[in-house]
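Colleague: For the protein sequence lines, the chains are Y and H, in the order given.
Residues in the first sequence are numbered from 1 upward in steps of one, following the working numbering.
Residues in the second sequence are numbered from 425 upward in steps of one, following the working numbering.
Simulated from the structure, these hints should not be mistaken for lab results.
Keep in mind that this is a model prediction, so the values were computed, not measured.
Careful: at least some of the hints might be erroneous.
Below 30 Å or equal to it, Euclidean Cα-Cα: the simulated DSS-like pairs (lysine-lysine) are [as the list claims (entries may be wrong)]:
(1) Y:K237 / Y:K143
(2) Y:K408 / Y:K419
(3) Y:K130 / Y:K110
(4) Y:K237 / H:K677
(5) Y:K158 / H:K661
(6) H:K626 / Y:K158
(7) H:K471 / H:K436
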Amino acid sequence: MMIHIDHGRIIDPANNIDRIGSVYIEGGKIVSVTDEPAGFRPDTVIDASRQIVCPGFIDLSTRLRDMGHSRKATFKSEVIAAAAAGVTTLCLQPDTVPVIDTPAVVELIKELAEKADYPQIYAVGALTQKLEGTELSSMLSLKQAGCIAVGNGNQPVKNLLILRRAMEYAASHDLLMMFRPNDFWLSNNGCAHEGAVATRYGLPSTPEAAETIALAQCLELAELTGCRVHFGQLSCKRSVIKIHQAKKYGLKISADVAIHQLHLTENDMMPFDSAYHVLPPLRTEADKQYLRKGLAGSTLNSICSDHQPHDLDAKLGAFPETEPGMSSLETLLPLMLKLVTQHAITLEQGIACLSANPARVLRLESGALTPGFSADVCIFDSELDWQVNSENWKSQGVNTPFWGQTLKGRVTHTLQAGKIIHRL
Amino acid sequence: MTDNLQLNAEGKLKHFLTIEGLSKSLLTEILDTAESFAGMSEHQVKKVPLLRGKTIVNLFFENSTRTRTTFELAATRLSADVINMNIATSATSKGESLLDTIRNLEAMFVDMFVVRHAISGAAHFIAQQTAPHISVINAGDGQHAHPTQAMLDMFTIRQLKPDFSSLRVAIIGDILHSRVARSEIQALNTLGAAEVRVIAPKTLLPAHVESLGVTVSHNLTVGLKDIDVVMMLRLQKERMSSALLPSESEYFKCFGLTEEKLKIAKPDAIVMHPGPINRGVEIDSKVADGPQSVILKQVSNGIAVRMAIMAMAMQAAPAPGRFSGIHTIPGDRHAGSLPACGIHTIPGDKGAAA
Chain Y
1 MMIHIDHGRI IDPANNIDRI GSVYIEGGKI VSVTDEPAGF RPDTVIDASR QIVCPGFIDL
61 STRLRDMGHS RKATFKSEVI AAAAAGVTTL CLQPDTVPVI DTPAVVELIK ELAEKADYPQ
121 IYAVGALTQK LEGTELSSML SLKQAGCIAV GNGNQPVKNL LILRRAMEYA ASHDLLMMFR
181 PNDFWLSNNG CAHEGAVATR YGLPSTPEAA ETIALAQCLE LAELTGCRVH FGQLSCKRSV
241 IKIHQAKKYG LKISADVAIH QLHLTENDMM PFDSAYHVLP PLRTEADKQY LRKGLAGSTL
301 NSICSDHQPH DLDAKLGAFP ETEPGMSSLE TLLPLMLKLV TQHAITLEQG IACLSANPAR
361 VLRLESGALT PGFSADVCIF DSELDWQVNS ENWKSQGVNT PFWGQTLKGR VTHTLQAGKI
421 IHRL
Chain H
425 MTDNLQLNAE GKLKHFLTIE GLSKSLLTEI LDTAESFAGM SEHQVKKVPL LRGKTIVNLF
485 FENSTRTRTT FELAATRLSA DVINMNIATS ATSKGESLLD TIRNLEAMFV DMFVVRHAIS
545 GAAHFIAQQT APHISVINAG DGQHAHPTQA MLDMFTIRQL KPDFSSLRVA IIGDILHSRV
605 ARSEIQALNT LGAAEVRVIA PKTLLPAHVE SLGVTVSHNL TVGLKDIDVV MMLRLQKERM
665 SSALLPSESE YFKCFGLTEE KLKIAKPDAI VMHPGPINRG VEIDSKVADG PQSVILKQVS
725 NGIAVRMAIM AMAMQAAPAP GRFSGIHTIP GDRHAGSLPA CGIHTIPGDK GAAA
């Protein structure tokens, strides 16, 4: 199968490319960018004129539900959403039901991924058994079964000694730890940011310190243990400052931010709208601006969707009783483009944060249009307006605060390993 | 935020969920309407037929004696049919969701829910989800709001100190967990009080409490200076076990209202408490039962104010002043001569409320 993507604006940050040209694909691999290979006879030509051609997006934090949560969403429903979002690789967080803490569950996930015709789903293995935070999981077995990293999802590790041991063990097997910093006690079952809005509405709230203290502790342990750590879904200014200092100091760490944290603040969640219930909670305008700055200055190197589809019932209730999380794959690209139009980051940075940078975090040969790499390609029209409505929406979870809004920027084609998995 | 959810298309009260977003004139209208009901309790017949044929469900997901009783009395005096449901001990404990409970009650043709719930935002949620003809009155949701308590306190204050603009009010105690405090602060600020001061240790104050429009003091003896109205809040026992306070006795020493400390406030200051009071914890018995205390007046006023709010939310309120001084009120003893009352009345029938 040969595919010729013709006359698009190719933006490939890893290879420093930004020019109008063609991408040539054969046998599921990129064979050439710009120069036509000799004897290339394409089966398919995609006209990409007035569109942007870039590496397929890599999402570092996704929930696809399924298995014990198939009422919320299934692999089948969510991979269609992922394809429509230009996402070609995604990391499944370990808090599935059952938890990803045995090779058998990893195998089950691979099977479900294959059945859904979307093979590039990487499982993040549980750091501790059943994510209970007390006993180490069989990390080596999980790695051998195909886990790309280990982590404890949103669950706390019982104490710092266990976290230290887990990080030492992960480091022994050269496993990346994905860590969402959150001190269980300080977070105090909060569902909103500890600030003026939570105070006005009497909502149980979580201070930034719940995140920054856990982050600071983990940074110390990263130095002590030598474990590679990727910090996920950071939400506040002081976390960005801590990551910046730690990187300057030379620690092997990286960090991402969920796309909604770059656009929404505590002020958007009034009054009691459960679509805005996320963890970590939406914080202040100052935090949002600093997260954007962190992205522009490469302190934060990736943007994740933090996709968490829910069934309707999960979001029907008084705010604190609803389940946290947004369905956010399909808004990923338009919200990234909005950062560009608002001059928070450049288009190249935005694409890198969704492709080359997360590939580097995961040590994947992907996230770039390098000849020989798997042909994971996203083609999008940055000017196309579309409405978030049931006609356009693919995810089974409709829990997005952007429902009904018109967004700019839409994926027209997605190729995964040279196969067209989405066409608008 | 303007909480439009609370108002109908004509800008009239539809639900009563929070003080926030309601105008000074609407709050004043509630107080004026309550005034017209206030004399009624002393009459032989304590009823008006404003809500005859209407069904009101007291939906209490949390236990309460005072609030539920005054709501029930208020509804009865408006001639509504009242059903008390203690959900704390029934349906939800069988796993039924809040929404299912509401849907089931809707199916029984009710006209109004009076809701108390332990979770902030529950009353908003019910108001958003319920059938359009049903009004929702918030009788306290989590740590968010208790707007009828705030209005009955405003009513009590106005009876004794009619000019809000000259008032300095201190709210003392567990502001962090108090829905009463949040609603009082909003009501006092909307009605134009000169100052609302909160007095508590840091552990009992929410983050950015100043953003609510209050001044802050951590010291009762300093904080009571120049105060016209002293509002005490109940201290829950579990605050000690969750490490917010060391002991009841230390709390009483620092923040308990005694006769001696009350002298720091203005000589004519009044003392209020939403109840139930913890004698010897937040307030000394001598103050609670003393001449400056208006605690029982608050309870009595609760009925008139809740009558006013229920009648207004059902668009059945009389013009202010209509019932004051009138002795012959058509009540239940005339019911037999009125058509379409009792079991024949269809809820929602406009004729029944006229």
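Colleague: Next step is simple, just say for each hint if it's right about the structure.
Modeller: So, going through the hints one by one against the coordinates:
1. Y:K237 / Y:K143: Roughly 34 Å between the alpha carbons, so the hint for Y:K237 and Y:K143 is violated.
2. Y:K408 / Y:K419: It holds: about 26 Å lies between the C-alpha atoms, which stays within 30 Å.
3. Y:K130 / Y:K110: With a Cα-Cα distance of about 19 Å, the restraint between Y:K130 and Y:K110 holds, given a limit of 30 Å.
4. Y:K237 / H:K677: Answer violated: Y:K237 to H:K677 is near 40 Å, above 30 Å.
5. Y:K158 / H:K661: Roughly 29 Å between the alpha carbons, so the hint for Y:K158 and H:K661 holds.
6. H:K626 / Y:K158: holds, 29 Å
7. H:K471 / H:K436: holds, 24 Å
Checked against the numbered hints above, the structure breaks hints 1 and 4 and satisfies the rest.
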